[in-house]
Amino acid sequence: MQENYLSYRGKGFDLFKILIVNFLLTVITLGLYYPWAKIAYLRYLYGQTEFKESRFQFHGLGQEVFKGFIIVFLIFGGVYGFYFWAIYTQTIDLAGIALLLIFLITMFIIPFAIHGALRYRMSRTTWRGIHFGYRGDRNELFRLYAKGLFLSIITFGIYGFWFVTSIRNYTISHIRLGDVKFQHHADGADFMILNIKGYFLTLITFGIYSFWWTNELLQFYVQNTRLYKNGQKARINTYTDGGGFFGLLVGNFFIVLFTLGLGSAWAITRTFNYILGNSSIEGDIDFDNIAQTEQEYKDAAGEDLLDFFDFDLI
Amino acid sequence: MAEIRVKYYDGKSSKFELAKLQTAAQIWIISFQDGEGFLQQKIWKVADINRESITFGENLTVKYGSFPYESIEIDSPKAIDYLQDSFPQIFSAKEISFFLRKGWSGLLAAIALSGGFIFLFYKYIIPEVAYAFAETLPKEYEEKIGESLLTSQNWLLEVDSTKSKALNQYAKNIDFNSNYRLRFYVSNEDIVNAYALPGGFVVVYQGLLNKMKTEEELAGLLAHEVIHINNKHTTKSMFKSLANYLFISIILSDINAVSNIIIENTNAVSNLSFSRSLEKEADLDGLEVLQRNRINPEGMILLMKRLKEEAPGLPSQMKFLSSHPLTEERIAYLKKEATKIDYQKSKDLKKEKREQIFHFLKQ
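First to last, the protein sequences are chains A and B. Residues 1 to 314 (my numbering) are what the first sequence spells out, left to right. Residues 1 to 363 (my numbering) are what the second sequence spells out, left to right.
For the record, the hints were derived by calculation from the structure and aren't laboratory data. One or more hints might be untrue.
[Unchecked claim] Simulated DEER-style distance windows between Cβ atoms: (1) B:Tyr-124 / A:Thr-89: 29 to 35 Å; (2) A:Thr-29 / B:Lys-123: 17 to 23 Å; (3) A:Leu-100 / B:Lys-139: 39 to 45 Å; (4) B:Asn-188 / A:Phe-142: 56 to 62 Å; (5) A:Phe-254 / B:Ser-105: 27 to 33 Å; (6) A:Leu-203 / B:Tyr-245: 30 to 36 Å; (7) B:Ala-112 / A:Ile-87: 37 to 43 Å; (8) A:Asp-137 / B:Asp-85: 43 to 49 Å; (9) B:Glu-158 / A:Thr-89: 26 to 32 Å; (10) A:His-185 / B:Leu-120: 52 to 58 Å; (11) A:Phe-254 / B:Ala-112: 24 to 30 Å.
Quantities reported herein were computed from a predicted structural model and do not represent experimental measurements. Note that beta-carbon positions come from the ideal geometry of N, C-alpha and C, so glycine has one too.
All chains, full assembly: derive it from the sequences and hints.
See the structure below:
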């Protein structure tokens, strides 16, 4: 049995430099640079995260993300354009159809975006040369999503807790790192109780409890996650607590506030430091012997274009 | 050449070998002792080493060939510097590195450049584009907007229909040279204010009517408000606000909420100053309307004086925040323009008619 901690080696000032340059280039290109900015940011974050003295790597390319960015832009631009044209020509029926389209697309693009983003991100992330992977099936996820959404609507949101949990269970359970499999089996009911309790306690304490609620959520996600490899097992521990989150989040708030936003880089660094630095993987999995299993992720085929969605871009 | 300590990965598993790297112009040689104690060597052709960009030189992974890649990890900053200098064809400096390398001066340049760019856009490009759009908006749309704004406040407004009719009669005696169908309303409320809505709607509060002593003041007020309508000020203002917000949203897509709130408030302040230049336009063009109709230009000046009595106004230190150019200023420039006008009471033919209605409105 071993317990190995994660660590974050990044520095606030270095991140600040990246963010400033990102900002400059994004402004000058009126937003078009955003995909490259995002990639630069992720490369830094991943590259400063260390496990067993080896850093993670993110190999994403701005060009790849840009394609998805453009597609999303065209789709939404097209439908919104249709909507405004309908308004302009005063054809109310068409406007109604356009609105409905906008609603449907927004709703149902989500599972595709999640799938695509995960597939892309995981395939572009490595540790010690071993690629992560996402083996989920897009149609399966879509079905899960549609069912969950429908049930949530007819139960006025109550089913939402199970819905969200089912999505998380599915997606995380299809993540791989070489021949290490991730599993996530959380219970929707537990999730609901956690959140209801958190919500009411936060109300009663005028917000103070929110930091403990945050920690409880993190513990919930982490404790329901397991790693498996050829009969070996591991779990994730996070030694964070409500008090620590209080210090972290309140501190971040003031840092960002008093620097008018310029201090964000330091706030982000503190957050990563706190959470990653207090996280460990404990178990009998031999990380020095993970086998490369994921396929090379080719990006040529048309239907894979959808896979370049990065959900955050939306 | 130097020997660099690296961790070597064969791409098939996460097992690494502690190895030594030696570099030459065309090849890299990686040597290590395998499990059985034999010396192994991997030869990498420089041409097939994957291109990398180095951002901060304290940790570097270099990949070789195609999937699944062999790779080496280097964690000595000196070694990384050496590799970067010796093999520029592999380790290109990308755009981001350009700024990062220059240290503080690069950063300041980046900040200054972004600031300058944003400022330019904000002050010049966006207003122009927004105004151009506002100009293209058809009259009918403006009317619809004004109408819906009016009806949405109808229940609050306490419109006095008799007085409104009278005000419309009053206005008929002035040629505003307007393309819009002008509709005037009087509200019973004791507020000292009046405003114009897109498409031709003007609302005047009884409070303001009560404050006026001569009918030229009312003429001046209506002229001012109608200029707002004729020149599409409100519409332009709306478009500019929208454009500013859109611009900010686009460029700040990645920045946190606090910055957003701050920028939005800055937006509000600059919106105020925009209105000030528009108000000045309404004052001066309104004066022209009076002049054309041979109405006493003193009317506008007296109107300003009434407003000044009502609200002493902000001390000049707070000038930046007020939406109307301070009343003193307005009186000053109005006086200046008014001296150029040759007013003769006898030429104002409709004066009597207007006076009558004015008295009725003041009751």
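Tested hints:
no.	hint	verdict
1	B:Tyr-124 / A:Thr-89: 29 to 35 Å	holds (33 Å)
2	A:Thr-29 / B:Lys-123: 17 to 23 Å	holds (20 Å)
3	A:Leu-100 / B:Lys-139: 39 to 45 Å	violated (31 Å)
4	B:Asn-188 / A:Phe-142: 56 to 62 Å	holds (60 Å)
5	A:Phe-254 / B:Ser-105: 27 to 33 Å	holds (30 Å)
6	A:Leu-203 / B:Tyr-245: 30 to 36 Å	holds (33 Å)
7	B:Ala-112 / A:Ile-87: 37 to 43 Å	holds (42 Å)
8	A:Asp-137 / B:Asp-85: 43 to 49 Å	holds (48 Å)
9	B:Glu-158 / A:Thr-89: 26 to 32 Å	violated (38 Å)
10	A:His-185 / B:Leu-120: 52 to 58 Å	holds (55 Å)
11	A:Phe-254 / B:Ala-112: 24 to 30 Å	holds (27 Å)
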